[in-house]
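Chains as they are written, first to last, in this note's numbering: chain A, 18 to 474; chain B, 185 to 354.
Just so you know, not all the hints are guaranteed correct.
Unchecked claim - Straight-line Cα separation of at most 27 angstroms, DSS-like style, residue types lysine-lysine; simulated pairs:
{"#": "1", "chain 1": "A", "residue 1": "Lys170", "chain 2": "A", "residue 2": "Lys354"}
{"#": "2", "chain 1": "A", "residue 1": "Lys170", "chain 2": "A", "residue 2": "Lys211"}
{"#": "3", "chain 1": "A", "residue 1": "Lys279", "chain 2": "A", "residue 2": "Lys411"}
{"#": "4", "chain 1": "A", "residue 1": "Lys108", "chain 2": "A", "residue 2": "Lys188"}
{"#": "5", "chain 1": "B", "residue 1": "Lys232", "chain 2": "B", "residue 2": "Lys271"}
{"#": "6", "chain 1": "A", "residue 1": "Lys149", "chain 2": "A", "residue 2": "Lys211"}
{"#": "7", "chain 1": "B", "residue 1": "Lys271", "chain 2": "A", "residue 2": "Lys331"}
{"#": "8", "chain 1": "A", "residue 1": "Lys98", "chain 2": "B", "residue 2": "Lys264"}
{"#": "9", "chain 1": "A", "residue 1": "Lys149", "chain 2": "B", "residue 2": "Lys264"}
To be verified - According to the in silico footprint, chain B covers these stretches of chain A (three or more CB under 8 angstroms from chain B):
{"#": "10", "region": "93-101"}
{"#": "11", "region": "443-455"}
To be verified - Chain A stretches covered by chain B per the calculated footprint, using a threshold of three residues with CB under 8 angstroms from any CB of chain B:
{"#": "12", "region": "82-88"}
{"#": "13", "region": "219-233"}
{"#": "14", "region": "239-252"}
{"#": "15", "region": "303-315"}
These are calculated hints, taken from the structure and not from any lab test. For glycine and all other residues, C-beta sits at the position ideal for the given N, C-alpha and C.
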Amino acid sequence: MRKLILLTSFLSVFYISAQNKQVLYDFAELPQTLLLNPAVEFHGNFHIGVPGLSQLSVHGGLSAFSGYDLLADNGVGINDKIRDIYMSLDKTEFFSFNQQMELLNIGFRHRNGNYISLGYYQELDVLMKFPKDMIDLYYEGNTVLNRRYSVDKLAAQAELLGVFHIGISRKVGEFTRIGGRVKVYSSVASASTKRNTGSFYTENGTDNIYSQHLSHVDLLLETSGVQLPSDIEVDQSYIQSQFLFGGNLGVGIDLGFTFQPKEQWEVTGSIQDLGFIYYTKNVESYRVRGSYELEGFQLDFDPSTPDTYWNDLKDNFEKRIVTDTIQSNYMNFRPTKLNGSLTYSFGRKRRDDCTFVNRVTPYTHKVGAHLFSRLNVVHSYVAATLFYERRFGKTLSTKVTYTADPFSFANVGLGISARAGAFNIYAIADNLLGLRNVYDMQSSNIQFGMNFIFGAY
Amino acid sequence: MIISPKNISYFVLFVLCFACTEPIDIDQLDEASLDSSYLFTLIHLELKAPNFLDDFNQEIPVTSDIISIPGLDDLHPYLKRAEFSVKTENSFDRNFTLNILLFDEEQNLIYTIQPVITVPSNSGELIHSLEIPENDINVIYHTRYFGMYMSLWDSDTGEIIDVSDTSELT
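Work out the full structure, taking the sequences as your base and the hints as a guide.
And the structure:
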């Protein structure tokens, strides 16, 4: 069992990651880029994603170590490797996991030139931050007197949800586009714990050798859709209904812009998932709070007194450390993502193809820089990317990225988008340098999808 | 042209062909262990003269107390060794012996933690170290009662403890 737990932890390294889609951002006029910046100019009149296959993305990363660090067959003992990993840990480490599957993605150009897109996708998002104090307590024990093991930085959020969205990309000036997207979230299951406080410590006692303390503990775990009433049968139709607006509902928006200060220069920016979910159904939260000091049992050596030491201790503990089960509604903000980029396009312009519309055709080469930030009460982080994008006529576009993020300072990504008529297929992966040893990857990011795009040039 | 669709295809194939893994050994997880040490504060006592006298002010040779505890099965098989530190201070003019005994569910004696502690008369602060070694640690999982047995040694002079004696054994 222990082996299974350790192995599961190890495997999770490969399925958890950041949520930065640095290769997809502003890439090859794919309709999926509209989900990252709703203002992007989409070079088509109509698109429809292949249902269920228009975007399948899995991102993963663990900031602390890789599976290879732990399991390398290199003659170093497993306990020495665990020790080395432990010694390398920072004050806080985190892991995140994000998976999305697009079930519907469709868009069309309105007569006034606006591009309207809508769709639905399923998302599983997990982010957990764990303080080193807790690892120290687990790894070394509590033999260091007066050392405070704090839970202040312990935070986690997990959410399984469906998202319906509709957005518009609109040209508002000769060089400026703005875009917006409205989202309705339907949460199937959620668990989150934030703003935990308290510490545990041991010091020299007065009545006993040691005195142990739980000091100002305040822990809150909020869940919805996890504890279900017994009359609910969890089957396919129930899950479907929860994904399709039967779950806990929320709203959010994406906003974006693109601006060309000069013909070959472009500045873009977007904010995604500025919104919240309000939990009212199948809500159950747990709060633990209080302070407690223990110096052990005071034995009275009185044969006439019944032995109630343990129960007295338990009662006293429960009186001072109170655990409440709460059924009240609560709200969580969605993890908000920020994107910004500066690009310079150059190279041979493709010729206009004699259409009646005087289109501005894309350049062959594009270089630029992209900044990504995820803002969340659990954990926030930033990633910076340099990229080069190359178009080969209508049929093929490629993009190479170099990203520095909390998982790696040398994350090389590659995206390829190909078209055959209206059919478009794309594949994106990052951390290609990690392919030298797949087990040594601390993060991975894979996206794949197929679309039909009409009227593109 | 260096960057062409054909060359990109070759590059992707090249990358995929050279994606590889270094050898790993999952079985080594069987050898993984953590040697954490945890301190727990357990009991304390403060015994005065009446604790060693009966209703007729006659000395009781053995004073005892028993603590029932919840099952410790959850510790199995992670607990390797249990060490106990006992700090004593005795202002009585008498020696004591302290036995810490473990009993099972039916209150049968299953173990005596070694060594048995001798608390000398008029002794200041003394620290005694006791241990349940790795070979005997399984007794912990069957333990449901801890017993503290305090034996009062006979006086060399034949004196008995006076009920008004303010001495303490802690």
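For each hint, the structure was consulted:
1. Lys170(A) with Lys354(A): 21 angstroms, holds
2. Lys170(A) with Lys211(A): 8 angstroms, holds
3. Lys279(A) with Lys411(A): 24 angstroms, holds
4. Lys108(A) with Lys188(A): Violated: lysine 108(A) and lysine 188(A) sit about 47 angstroms apart, past 27 angstroms.
5. Lys232(B) with Lys271(B): 17 angstroms, holds
6. Lys149(A) with Lys211(A): Holds. Lysine 149(A) to lysine 211(A) sits at ~16 angstroms (cutoff 27 angstroms).
7. Lys271(B) with Lys331(A): The given pair, whose Cα atoms are some 25 angstroms apart, holds under the 27 angstroms limit.
8. Lys98(A) with Lys264(B): 22 angstroms, holds
9. Lys149(A) with Lys264(B): Since the Cα atoms of lysine 149(A) and lysine 264(B) sit roughly 25 angstroms apart, the hinted pair holds (cutoff 27 angstroms).
10. 93-101: holds (count 4)
11. 443-455: As far as the region 443-455 of chain A goes, the hint holds, because 5 residues have Cβ atoms under 8 angstroms from chain B.
12. 82-88: holds (count 3)
13. 219-233: Holds: 8 residues of the region 219-233 of chain A have a Cβ under 8 angstroms from chain B.
14. 239-252: violated (count 0)
15. 303-315: holds (count 5)
Checked against the numbered hints above, the structure violates hints 4, 14; every other hint is satisfied.
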